[in-house]
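There are 2 protein chains.
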Amino acid sequence: MTKKFVIGHKNPDTDSVVSAIVFSKYLKNGSIPAIAGELNRETRFVLDFLKGKKPKILKKAPVNSQFYLVDHGGLEQSIPGINSEDILGVVDHHQMFGLTTVEPLFYRTEVLGSTSTLLAKMFKEKGWKIDKKSAGLLLSGIISDTLNFTSKTTTTEDKKIAKELVIISGINIKELAQKMFDAKSDISGMSIREIVLSDYKEYKHLGKKIGIGVFETVSTTPFKGKDEKILKILGDIKKESKADFVFFGLIDILKKETFFYLLSDKEDGICKKAFGVSGKDVIVLKGITSRKKQLVPYIFKSI
Amino acid sequence: MTKKFVIGHKNPDTDSVVSAIVFSKYLKNGSIPAIAGELNRETRFVLDFLKGKKPKILKKAPVNSQFYLVDHGGLEQSIPGINSEDILGVVDHHQMFGLTTVEPLFYRTEVLGSTSTLLAKMFKEKGWKIDKKSAGLLLSGIISDTLNFTSKTTTTEDKKIAKELVIISGINIKELAQKMFDAKSDISGMSIREIVLSDYKEYKHLGKKIGIGVFETVSTTPFKGKDEKILKILGDIKKESKADFVFFGLIDILKKETFFYLLSDKEDGICKKAFGVSGKDVIVLKGITSRKKQLVPYIFKSI
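Protein chains in written order, with the numbering used here: chain A, 1 to 303; chain B, 1 to 303.
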């Protein structure tokens with residue numbers, strides 16, 4: 001029998017995980033929430049805190065399975081084995097990744113700070129109540145993706161929906177955000193490679209393969225003196241993944257700036273074109289905290 | 001100054017025209033409804049009947065313009081000169097055509113009989129009233145695309161929304177459908193070429209260019225003895241458009257069957273694979289009335 005899964009992108013972040021859980025409830029058709037890899041520390045904290053069940057990990061698509069994709073709309077960032085004819089629906093807030101299908105499907109993406117915001121909207125549109133736990137999960141997704149409403153991707157709709165979710169969930173948003181950021185910033189026991197790959201996405205643009213990893217933190221102190229190591233790891237990743245360009249951005253959430261690591265002259269050239277800033281090894285991009293809105297579009301235009 | 005347009009696909013049909021008009025009202029941002037070519041007879045009748053204003057014709061994208069696409073979601077079927085970065089939003093009910101964008105946008109498609117149905121839904125979700133004229137226009141879009149609820153693409157949601165639009169518009173649906181079909185079937189003064197091209201769409205699939213024209217009618221009598229002429233015209237279109245395959249389907253709405261014209265052995269081969277039916281020049285496909293649901297997917301799978 002065909003099983004239906006709701007799943008987010010590879011290297012799952014909080015928004016993609018909570019979206020999978022809540023969209024499966026919305027669908028009311030027995031769809032099973034799943035995740036495309038291990039939870040990061042922030043998401044682990046969120047599920048512990050809200051007593052949410054950890055979804056099943058799927059490393060590849062099982063035989064006879066169909067999928068609802070959340071928080072991504074193309075196959076590049078999906079687990080291996082999903083074909084476009086296996087996709088039943090998409091709920092997302094990213095750009096379009098060239099998905100082609102033979103038959104019509106449900107596809108919805110909007111310019112919002114998180115997929116969680118869109119899901120909350122969809123419940124409202126149906127006139128359905130959001131249960132307390134789901135409200136907490138969606139609120140966490142919004143806080144995570146908008147960096148507690150400080151990211152450039154934040155919209156007035158995100159803020160409005162979050163206020164409503166606060167009322168339903170009874171959560172103290174300041175406290176939750178603080179705890180999430182602490183969990184996110186906790187790198188104890190993590191290798192540099194784990195950090196660089198913890199939120200790494202691969203894109204294809206104009207025939208080029210581009211890898212962009214980011215790590216969001218409330219303190220960059222633990223990274224002092226680690227530049228050389230980070231660049232070495234980036235070089236390894238570039239070789240292994242046969243990427244044309246790889247970048248890593250260490251995002252300081254509080255100072256609102258990004259330490260941007262440039263592996264070689266090739267990456268530096270792109271960076272110069274994209275941001276008008278050039279340098280060796282690592283540069284600081286002031287005011288830049290969003291991969292989606294402030295990094296990807298400019299890097300794409302500079303390829 | 002940048003102008004914003006709402007526009008449907010080339011060879012506009014009723015659903016694409018009324019969707020452009022009503023979505024521009026929904027947006028409330030000064031967007032101008034436009035059409036990608038001359039109105040067909042059915043749509044002309046609808047606009048006359050409902051005292052709707054004929055939208056501006058755009059044969060190509062003006063300088064400094066941005067677009068909301070309705071009833072199509074890719075650039076293949078858009079007017080020339082629209083680039084993906086000029087697209088502000090999409091409302092559709094077709095398959096995904098591989099749209100790629102650099103930035104997030106509003107994109108919404110659902111498995112419904114018409115784009116008009118989705119637009120009516122969007123008004124309801126916002127809690128906004130649909131005005132009487134818009135209700136009539138959307139009702140016409142639904143009737144047109146679902147062949148008055150007889151096409152395989154018809155969903156229970158189309159029927160439900162149509163009932164609500166009947167109440168708002170005060171329209172007698174049976175009478176409107178009859179008049180629309182009569183207008184649609186009126187071929188007086190039309191050349192065979194005009195008929196074949198009146199609802200012709202081009203697709204790209206697996207590197208092949210496929211043209212599929214359909215003509216819906218309540219009576220195929222005027223086409224008796226015209227097979228040779230139709231095939232000659234199809235041959236001309238294939239040459240001019242450098243298509244790999246071209247098909248023309250004369251759809252008998254009442255008998256629910258399609259006379260399917262096969263230009264050469266190449267088209268016949270596809271048809272045999274797609275429908276298990278083979279023949280010379282023209283064959284009858286029983287029960288087939290929908291290009292989107294019953295022709296395109298099967299033809300794509302047989303390429």
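It cannot be assumed that every hint is accurate.
One copy or two, it doesn't matter: identical chains are merged, so the pair holds either way.
Only pairs whose alpha carbons sit at most 30 Å apart, straight line, appear in this in silico DSS-like list of lysine-lysine [to be verified]:
no.	residue 1	residue 2
1	LYS129	LYS163
2	LYS28	LYS163
3	LYS28	LYS126
4	LYS4	LYS255
5	LYS293	LYS3
6	LYS133	LYS121
7	LYS160	LYS238
8	LYS121	LYS266
9	LYS60	LYS256
10	LYS208	LYS292
11	LYS152	LYS28
12	LYS124	LYS4
13	LYS132	LYS280
14	LYS174	LYS272
15	LYS272	LYS51
16	LYS273	LYS3
17	LYS60	LYS272
Keep in mind the hints are simulated off the structure, nothing from the lab.
This one's a predicted model, so the numbers in the text were calculated from it and none came from an experiment.
To see whether the hints hold, each was checked on the structure:
1. LYS129 <-> LYS163: both (15 Å within a copy, 26 Å between copies)
2. LYS28 <-> LYS163: both (26 Å within a copy, 26 Å between copies)
3. LYS28 <-> LYS126: Answer is both: 13 Å inside a copy and 23 Å across each meet the 30 Å cutoff.
4. LYS4 <-> LYS255: neither (42 Å within a copy, 38 Å between copies)
5. LYS293 <-> LYS3: between (35 Å within a copy, 24 Å between copies)
6. LYS133 <-> LYS121: Both, since 16 Å and 28 Å are each at most 30 Å.
7. LYS160 <-> LYS238: neither (41 Å within a copy, 54 Å between copies)
8. LYS121 <-> LYS266: Cα proximity of LYS121 and LYS266: none, with 42 Å in one copy and 49 Å across.
9. LYS60 <-> LYS256: neither (36 Å within a copy, 43 Å between copies)
10. LYS208 <-> LYS292: Close inside one copy (18 Å), not across copies (33 Å); limit 30 Å.
11. LYS152 <-> LYS28: between (34 Å within a copy, 25 Å between copies)
12. LYS124 <-> LYS4: For LYS124 and LYS4, the Cα distance is within 30 Å both inside one copy (24 Å) and across copies (29 Å).
13. LYS132 <-> LYS280: Answer is neither; intra-copy 49 Å and inter-copy 64 Å both fail.
14. LYS174 <-> LYS272: neither (37 Å within a copy, 64 Å between copies)
15. LYS272 <-> LYS51: neither (46 Å within a copy, 56 Å between copies)
16. LYS273 <-> LYS3: Between. Shortest inter-copy distance 29 Å satisfies the 30 Å Cα cut-off; intra-copy 46 Å does not.
17. LYS60 <-> LYS272: Neither way: LYS60 and LYS272 sit 38 Å apart in one copy and 35 Å across, limit 30 Å.
Of the numbered hints given earlier, the model fails hints 4, 7, 8, 9, 13, 14, 15 and 17; all others are met.
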